[in-house]
Every structure is written in structure tokens, then in C-alpha cells.
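Asker: Chains as they are written, first to last, in numbering that gives the first Met the number 0: chain X, 0 to 248; chain F, 0 to 270.
Worth flagging that the hints you see were computed from the coordinates, not collected in a lab.
Just so we're clear, the structure is a prediction, and the values are computed from it rather than from any experiment.
Here a beta-carbon is modelled for each residue, glycine too, at the ideal position from N, C-alpha and C.
Warning: the hint list may mix true and false statements.
[Stated by the list, open to error] Now the stretches of chain X that chain F is said to cover, found in silico as 3 or more residues with beta-carbon under 8 Å:
hint: 1; segment: 31 to 39
hint: 2; segment: 84 to 90
[As the list claims (entries may be wrong)] Example chain F residues on the side facing chain X (calculated, C-beta under 8 Å, incomplete):
hint: 3; residue: Tyr35
hint: 4; residue: Arg38
hint: 5; residue: Gly209
hint: 6; residue: His236
hint: 7; residue: Ala240
hint: 8; residue: Leu242
hint: 9; residue: Ala244
[Stated by the list, open to error] Computed list of lysine to any residue pairs in SDA-like fashion (alpha-carbon distance at most 25 Å, straight line):
hint: 10; chain 1: X; residue 1: Lys231; chain 2: F; residue 2: Thr13
hint: 11; chain 1: F; residue 1: Lys213; chain 2: X; residue 2: Arg11
hint: 12; chain 1: F; residue 1: Lys213; chain 2: F; residue 2: Gly152
Below, each chain spelled out in residue letters.
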Amino acid sequence: MHFFDCNCYFGRPIRGSAAPVPTAEGLLAEMDRAGVERALVWHIAQLDASPLTGNPLLTEGIRPHPRLIGCWSLLPTQTHEFPAPTELFRQMREHRIGALRAFPQADGYLLNAITIGDLLEAIQARRIPLLLSVTRSVRWHEVHALLAEFPQLTLVICDHGSWGMDRYFRPLLARYPNVYIDTAQYLLDGGIESLVADYGAGRLLYGSGFPESYFGTMMLTLQRSRIPEEAKEAIAGGNLERILAEAQL
Amino acid sequence: MIGPSALSREFWETGQSAACPIYDMHGHMGPWSAIYFPRGETDQMIRTMDECGVRMLCFTHHSALRCPDLGNAPSIEAVRRYPDRLRAYCLINGNHPDLVERDVAAFAQYRDVYVGFKFLSDYFAVPLSDPRNRPAWEYADQHKLLVLCHTWGGSPYDGPAEVRRMAERYPNLRLLMGHSCHGEWDEAIKLARDLPNVYLELTAVFDDRGILEKFVRGVGSERMLFGTDLPWFDPHHAVGALLSADISDEDRHNIMHRNAEKLLAPFLGKE
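Isolated chain F (complex conformation):
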């Protein structure tokens, strides 16, 4: 056992909790150049989700991130195979404005698939605020979509200054700070405090002991979202961090499912 709480006992003994399902707001799928994934394909990931009590995963297929020629098609295919378990973010890469224009124009055809857009600005060397990304931001703001941004401390492409710029410019969308501006924790807290449309997404945060407590104290668990980069990181690792952290079971419920349920309601026909 890794803690005294009721949730700890349940996860330790069964691997999941019926009362505390997980909504993983940051995932991927498929091969990636530098890493071996034992469970990287769709069916394997669904198995992991079953074992860990992950009710839904919002993801972007690695092919969308790394192969513009394939683009978002593999994400769409996977969601339509598992419509009760998966939703996708439509990847936007400003290096290919023609594809941005095409994918934004087609977005409405995939309302059963997409919950919003994904930006991986560090990897593309295109700042979030680059004009080539503008069509997606404007569309997301107009339709109150979720926008998951890879964010990293110190980055000129998606560090705190860029996040602030976009969240202020587009107040109607929900900006999910993937990795919570990793390393610039105080800036991430400040952003979430200052801007009501900014959320702290926790992928790669779970391995830094003490940050969960810092976020709960600094912002509150109502603004924190569970994420794992699945298939990169085992969801039980993340759950283990939440159960180990000096926070309450109410905080854990907020982070694992309540906040995501509210954000996803418009996209799941529950609002």
C-alpha cells in the first residue's frame, strides 16, 4: 500500500476504481522513432486503459505529429473504432499552412472524433502565436474547443509567454498546458491563476515529486488534468504519484475525472 486513503487501497488491490474513473487528456498512439513501445497500438492501448480504469483517452496519433503526409487520418480511424473510449485532437503544424487550412475547414466533419486542436510547437519550431497557426486558434475560439499545447519551460515556441499571449487573445477556448510549462512551475501556476481558460495538464509532471502538492496549493485541483502521453507512460505510474502526494481524495477525484468530465461534456453530448 502506498498511502492510507480509500482510493489507495482500491487501486492497490484492483488497479482501478469504479467511483474514480480516469480521463486521460494527453495521449498518443503508434510508433515513434526513438522509443520502443510494448503497447503502442490501438488495441494494446485499450487493454491498458481497461486495466487502469481509464474511461476515455484524448490523443493525437504519432503519425499526425511526425508525418504530415499521413496527418490526422490514423487518429480519426482509431476514434471511429472505439467511439466510447477515444477522442482526438486535430494536429496543427504551421510549417504546412495548406494542411492547416484544409484541416480547419474539415473540422466540422469530424465532430464525432475531435475535441479540439493540438500544437507541438517546440518540435515544429513554430511559435504558438505564429500567424500560420491563426486559422486554428480562431476556429477554436469561435467554437469553444479544447486546445492541447505541448508547453515547456524556457521555450520560445511554447513557454509561459506564448501561452499567456494565446490564452489572453482567445478567451473562449480552453487552453490545456501540456506538461504544465515543465520546469517553470511557478509561471504555470501564475498562468492558471491569472487566466480562467488555462488548465494544468500533468503529463511528465508525475515524475517530479512535490509539484502536484505545489499546484494544488497554488491553483487548486479544479484546474488540473490527468495525462500520461500514453503509450509512453504507464497510467498506474501517474496514479501512484497522485496517491503518494500529500493531497486529498477530493483532489484526486478532481484531477482524475471531474474536471475532464466538465470539459468534455459538450463533445460527448452530455451538455
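Next comes chain X alone, as it looks inside the complex:
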């Protein structure tokens, strides 16, 4: 299997962490140890400090490392802190940024059409993946409301909580064709097998949650799940390759 992690970060968090990984080089060393080939990464300062602080740190950190694809975080454009869509996409192409994140609670805005509709409409039209971390900075009813406004959005729901959130995300998988779930925190016994049976292997992405979680936890869980080998390959990395390739930057 070829693992392409959709959900990991580097950088020192402001909160205590048992095993932080400050640099992109440290992240790559741990990826090599675990057998993870590539990763869609972000920098913890994007959440802890500001997108204006963290995005440049991410850009600089991944610059020498083509195995790492960046994932900037958004801000609304009305306050003139963040570029308009056309300029944003140009910068993303220039800096190997393949996807975007939003931390609306931490960054003090509402993730809706009124506030950030210009960006969300463009992101939806160009099929650029947006990653939302449920346990960090967005609530389930906000995710549901966002998709009601932008039903074609390519949305990856990350870190959805280790206590079995199927009743929150399965309705979204059923209704919206471009919604994906990452495996970080999907510890539920039989969860992968059940989700693949109901929605196919195309809707699940391998994500580790590293450095807060080990790469190997969901690697072994996926490897031993009772699903076909081609489904494992898709979840391990194929699906992420596809949705990044579909993005029109």
C-alpha cells in the first residue's frame, strides 16, 4: 500500500504536547520510519497563532520537500488580510499548496456565504479540497449548514472525534457527493468495513492526525480491515491523489 496522509502537521503547539515535531524535516523522518510516502500537511501556527503567521511558516517548511503538499488556512476577504480568489490560487500554484483549511471559531468568523462566500464559491467551482477539523474549530451543525449552502464543495471532514460520529457524518456522505471522511480518530471497531459497505471506498481518506497520534494506528487498522485490496489502496492514498488532481488551481 502507498500511504498519502491527508491530515498531519508540524510546528510547536502552544499547548503541552508529549512529542511535538517542530520541523518538516522531523515530520519526514517520522514518515520514513512508519512507511508513509507523502503527506498533505499544515503548520500548527495556522491554528494557534493565525493563518497570517502559520501559512508562511508552512510554505517555507515544505519548500525543499516535494513529498509534502501544503494546506493553507483561509480568512474572509472583507478585512483585506487575505487575497481574493484569483490571486489566492496563483499563490497556491506557486507554493505547492494543494488544499485549504478553515478554523472559523479560532479565527473569529462564520463559515457561511455571507462571510466568506466569494472564496467558497470559487473553491467549490474549482474543486479545491477544503479540510475541516471538527474537534479543533468547527461544530457539526456548522458543517451541515455549510454544505446546505455549498452542496458541491469538496470537503474533507477531519478529526471528527474518537467516540463514533457516524450519526453526524453519514447523512452528509449520503446527500453530498464530494464529502470525504478522514481516518484519524476513526477508531470505531469495524468502522472502515461498515463505511465502505455503505458508501464505497471512494469516500474515506487515510489521515493520521500526526503528531498527536501515531501514523501506524490507522495504517494497521486499514491493512487488516475486511475490505478488498483495491479499496485499501484507494483509502491509503489513491482517493487523495484523485481529489488533488481534480483541483483546478
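Keeping the supplied structure of chain X fixed, place chain F upon it in accordance with the hints.
Answerer: Quick look at chain F alone, frame taken from chain X:
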């Protein structure tokens, strides 16, 4: 592959290891209000155990935890269906002293079923040291039973101070700190260092990278026990954490089976 060790290769290729069976010391069974379980019933859980090389699961049925009207009966029934694979903890809820008295009095009738007691104090809002729980603690101490306590950092009901109080008061029982006082890792280490009858049970610890290494360095793997809350968490997730952590295969053997085999020996007729 997720690591260079021999155990890593075996689990990666076959999902289990004959030389390293798993004793899961913290499980449940049946429905729970806030969660969908694809494999929550007894037969489904046995299937998971077979796939992951889990030789035995010590558990408390969710009905015992959440429905006093059903109590421990579903746990007893499941163990008697699978006596070679399951053992139960008798649930104690101090909000119902009549049931505590009844279940402690009946404990001896179920020595083929029970290995000890289970406390879920945070959920019941009854501290471990509450006098209403006393009959169970005294019985457990007298008979050298295992006592699995849900423990959580910062909790006034089952945080480190309560654990210390009970482990000191009842030195003959084995107190298994479920979730290892989650979040108050240094306090958990201190408790296990100070008190020889306290064990670090690892359910919900496996998802916190770096804590396994911290525990092995701080206490030693001889005091750590595998647990998953099955059917909440896939055992392969926990095994993946153990194989990923910077610890030795000897540590993994201790955590997955050796320590539990010693603790369970008196209850399995092996002592």
C-alpha cells in the same frame, strides 16, 4: 509496515501473533446511546477478537453501566456463552445501595464469570471513596480481586486523589486505572510508582502519541495493561500504537499479555 520489529511484521501480515496473544482488560458490549457500533454484540465482538488475536476480554456490558434495571445480567449471560474468551467485572453504582449490597452478596455465585468490580464514578457522580461503594471495596480487598475504575484527569470522582485514597486504603486488591487518569499522565505515573497495587490501563491512551513511551520510561511496562473499550475502539488501532511507539518488543509482550496473564491467573484456575 509500521516499524522494523518482528512483531510489527507479524501483525502487519496476519493481523495477530501466536507468540503474543492479547488480553484486553477493558471492554464493554451492547448498545450505547451516543454511538453506532457496527460490531457491538457478543458474536461480532468475538469475531473481532479472533481477527486481532485477542485471547480474552474482561468487560462490563453497557446495560450494566447505563441501565440499573438490567444490571449485570447481560454480562453474566455473555461470559457463560463464551467461557474461554470472556470474563466480566461486576458493575457497582453507588446511587443504588440496595443493588450494591445485592451484587456483592451474590458475587461468590459468579466466580466463573467475574474477576472483580468496575466503577464508572464520573458518570454516576459518586466518588470512588463514597461510603455507598464501601461494601464492594471491602469485598474486593478481602478476596484480592481486580477493580477496574474509569479514571480521568481533573475528576473529583475518579481523578488521581481518589485513586490514591482507595489504593492506599485497600492494598490487597489490584486497582486498574482505566484510561490512566487520562490527561494527568504525570500523576498516573506517580500513582503507579508509589503504589504497587496500581496498574496503568491504556484504553484511550493509544491515541495520544508519546504517552506509551512516557509510561514505559516512568513506570515500566510491567505495570501497563492493554485495553480498548471494545466495541468502541478497534484492537488493531491499539496494536498499531504499540508497534509505532519507541519501545521494545519485550515491552509489547508485557503490555499485551504477560501482565494480564499474571493478574488473571487466580481467576482462570492457573495458579
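Asker: Would the stated hint for F/Gly209 survive a check requiring a Cβ distance to chain X of less than 8 Å?
Answerer: For F/Gly209, the interface hint holds, since the closest Cβ of chain X sits about 3 Å away, which is under 8 Å.
Asker: Restraint: F/Tyr35 near chain X, CB-CB cut 8 Å. Satisfied or not?
Answerer: With a minimum Cβ separation of about 4 Å from chain X (threshold 8 Å), the hint on F/Tyr35 holds.
Asker: Does F/His236 hold up as a contact with chain X if the rule is Cβ-Cβ below 8 Å?
Answerer: 5 Å, holds
Asker: Does F/Arg38 pass the interface check with chain X, least Cβ-Cβ distance below 8 Å?
Answerer: OK, holds: F/Arg38 within 8 Å of chain X, min 4 Å.
Asker: Decide if the proposed pair is consistent with the structure: F/Lys213 and X/Arg11, CA atoms, cutoff 25 Å inclusive.
Answerer: Holds: F/Lys213 and X/Arg11 sit about 19 Å apart, inside 25 Å.
Asker: Counting residues of the segment 84 to 90 of chain X that have a beta-carbon nearer than 8 Å to any beta-carbon of chain F, does the count reach 3?
Answerer: violated (count 0)
Asker: Check, residue by residue, whether the segment 31 to 39 of chain X contains three or more positions whose beta-carbon lies closer than 8 Å to a beta-carbon of chain F, and give the verdict.
Answerer: Since three or more residues must qualify, the claim that chain F covers the segment 31 to 39 of chain X holds, with 3 doing so at under 8 Å.
Asker: Tell me if the straight-line CA distance from X/Lys231 to F/Thr13 falls inside 25 Å.
Answerer: With Cα atoms ~16 Å apart, X/Lys231 and F/Thr13 stay inside 25 Å; holds.
Asker: With a cut-off of 8 Å, does the beta carbon of F/Ala240 approach a beta carbon of chain X closely enough for the hint to hold?
Answerer: Holds - the Cβ of F/Ala240 comes within 8 Å of chain X, reaching about 5 Å at its closest.
Asker: Please check whether F/Leu242 passes as an interface residue: C-beta within 8 Å of a C-beta belonging to chain X.
Answerer: It holds, given that the least Cβ distance between F/Leu242 and chain X is near 6 Å, below 8 Å.
Asker: Does F/Ala244 meet its interface restraint, that is, does its C-beta lie within less than 8 Å of any C-beta in chain X?
Answerer: 7 Å, holds
Asker: Given the proposed pairing of F/Lys213 with F/Gly152, does the C-alpha separation stay at or below 25 Å?
Answerer: 16 Å, holds
In terms of the numbered hints stated before, the structure departs from hint 2 and from no other.
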